[in-house]
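Go by the hints and put chain B onto chain A.
Protein chains: 2
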Amino acid sequence: MIESLENSKIKFLLKLKLSKYRRSEQKFICEGAHLVQEARNAGLLIEAYSLEDKEGYIQVSVPVMKKLCNTNTVVSEIGLCKMKENTKITDKILILDGIQDPGNMGSLMRSACAFGFKTLFIGTGSVDIFNDKVIRSSQGAIFKLNYQFGDISEFLNKITHKVYTTNVLEGIPLKKIKAEDKVAVILGNEGNGVSKELQALGLDAIYIPMQNTESLNVAIAGSIIMYELSK
Amino acid sequence: MIESLENSKIKFLLKLKLSKYRRSEQKFICEGAHLVQEARNAGLLIEAYSLEDKEGYIQVSVPVMKKLCNTNTVVSEIGLCKMKENTKITDKILILDGIQDPGNMGSLMRSACAFGFKTLFIGTGSVDIFNDKVIRSSQGAIFKLNYQFGDISEFLNKITHKVYTTNVLEGIPLKKIKAEDKVAVILGNEGNGVSKELQALGLDAIYIPMQNTESLNVAIAGSIIMYELSK
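Protein chains in written order, with numbering that gives the first Met the number 0: chain A, 0 to 230; chain B, 0 to 230.
Just chain A, with the same shape it has in the complex (with noise of 0.2 angstroms):
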């Protein structure tokens, strides 16, 4: 059982709390028996570490699980995962600009999932989508989608798929819009929307109507979206 912090396999994952180092080592921790179970499932779990002894894991100490974990709440298991080498780019693509809130990030990346948008493309000014936060909201997600990262704008220029923005005033009323084999769904950030540089490219825009000037969470703005373009 290891029980000192001193551990070099303990101090690897403490420096995994940083996202910098989570990049350059391709690497990050779930905590978790559920997501330690979709880590494995995937082909994504290098090492399981946990509370208990048992097969198939690396016996920790109740103070080191406490200060790897994330929660406040100790968890029984966490995972090392490695960061799924996948650049395919599937014919229904999320691509997000600028999403600042975890637990969006997280939600989006599980609707995204459960409506067959599998491969998300995050622009520079996004959280990490290796965040615990977003992680734990993403219940999973994270295992099964394809990513990447960079500028928006450069992406736009590879992909053969129809383009939206999404406007929260005006645009095309989101049932109008027509299915398409290759679409790809620009959101954009929690209080601005999509980035004035990504507007300016004249993209049609889909927009949800609503009762009033109301408007909704990005999150769910972007699920009921890709929910109407899943069929």
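Please note: incorrect hints may appear among the correct ones.
Chain copies aren't distinguished; within one or between two, either way the pair holds.
As the list claims (entries may be wrong) - For lysine-lysine, the following DSS-like pairs were computed, each having C-alpha atoms within a straight-line distance of at most 30 angstroms:
#, residue 1, residue 2
1, Lys174, Lys143
2, Lys16, Lys177
3, Lys161, Lys10
4, Lys117, Lys87
5, Lys53, Lys195
6, Lys66, Lys177
7, Lys83, Lys16
8, Lys195, Lys14
9, Lys65, Lys14
10, Lys117, Lys175
11, Lys83, Lys174
12, Lys177, Lys143
13, Lys66, Lys195
14, Lys177, Lys26
15, Lys65, Lys161
Since the hints were derived computationally from the structure, they do not count as laboratory data.
Just chain B, lined up with the frame of chain A:
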């Protein structure tokens, strides 16, 4: 300018951090200029407090405001609001059976408002809708909805609406639900879904078709259902 935490107004506001006082006093606090304005627009603002000396506000010191706020960042103003006395039952009703996460509750309120589900029935066992996190996520929807609290089964006896439960695995696919003028949708707890007691009533269940055996966040599933039924 109020500088003392012993001031009777401040002591009253601090008491409202507890749900039992909010309920007995029928009052609650909202934080931030946007929500104070929404409360004012809805005629539900009793008093407003600001860090600045300005008309229509009671000025308080920064340390007092810090104590009043629930967020880490100190807001510039807060509002003392009265709960809406409105037991009106509209044609579209959202019934919440044990929603626990404040963010989910607030997002659902925001979507309910956007899609015309103007009555919320909150069953026992759900998070308090006057909780500060719920109010923040609701983005002002809390001032626009009618709400009632109590036992869901008893409430169902009183209404003449077509009532649907929700199920992640089976039921009537959402697209096949036919439009009804008067409709009520029951959403269940994040982990356990709709309670067994309500499932035993033999109500029709709505389900949202998804790929594989994914599931959706409850606020997202509920919002998609309200979107689809809002036509």
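Now for the hints, and whether the structure bears them out:
no.: 1; hint: Lys174 x Lys143; in the structure: both (28 angstroms within a copy, 26 angstroms between copies)
no.: 2; hint: Lys16 x Lys177; in the structure: neither (43 angstroms within a copy, 49 angstroms between copies)
no.: 3; hint: Lys161 x Lys10; in the structure: neither (46 angstroms within a copy, 58 angstroms between copies)
no.: 4; hint: Lys117 x Lys87; in the structure: within (9 angstroms within a copy, 43 angstroms between copies)
no.: 5; hint: Lys53 x Lys195; in the structure: neither (53 angstroms within a copy, 35 angstroms between copies)
no.: 6; hint: Lys66 x Lys177; in the structure: neither (50 angstroms within a copy, 52 angstroms between copies)
no.: 7; hint: Lys83 x Lys16; in the structure: within (18 angstroms within a copy, 45 angstroms between copies)
no.: 8; hint: Lys195 x Lys14; in the structure: neither (36 angstroms within a copy, 45 angstroms between copies)
no.: 9; hint: Lys65 x Lys14; in the structure: within (15 angstroms within a copy, 34 angstroms between copies)
no.: 10; hint: Lys117 x Lys175; in the structure: both (23 angstroms within a copy, 26 angstroms between copies)
no.: 11; hint: Lys83 x Lys174; in the structure: neither (34 angstroms within a copy, 34 angstroms between copies)
no.: 12; hint: Lys177 x Lys143; in the structure: within (27 angstroms within a copy, 34 angstroms between copies)
no.: 13; hint: Lys66 x Lys195; in the structure: neither (42 angstroms within a copy, 39 angstroms between copies)
no.: 14; hint: Lys177 x Lys26; in the structure: neither (39 angstroms within a copy, 48 angstroms between copies)
no.: 15; hint: Lys65 x Lys161; in the structure: neither (47 angstroms within a copy, 49 angstroms between copies)
Taken one by one, the earlier hints fail for this structure at numbers 2, 3, 5, 6, 8, 11, 13, 14, 15, listed in ascending order.
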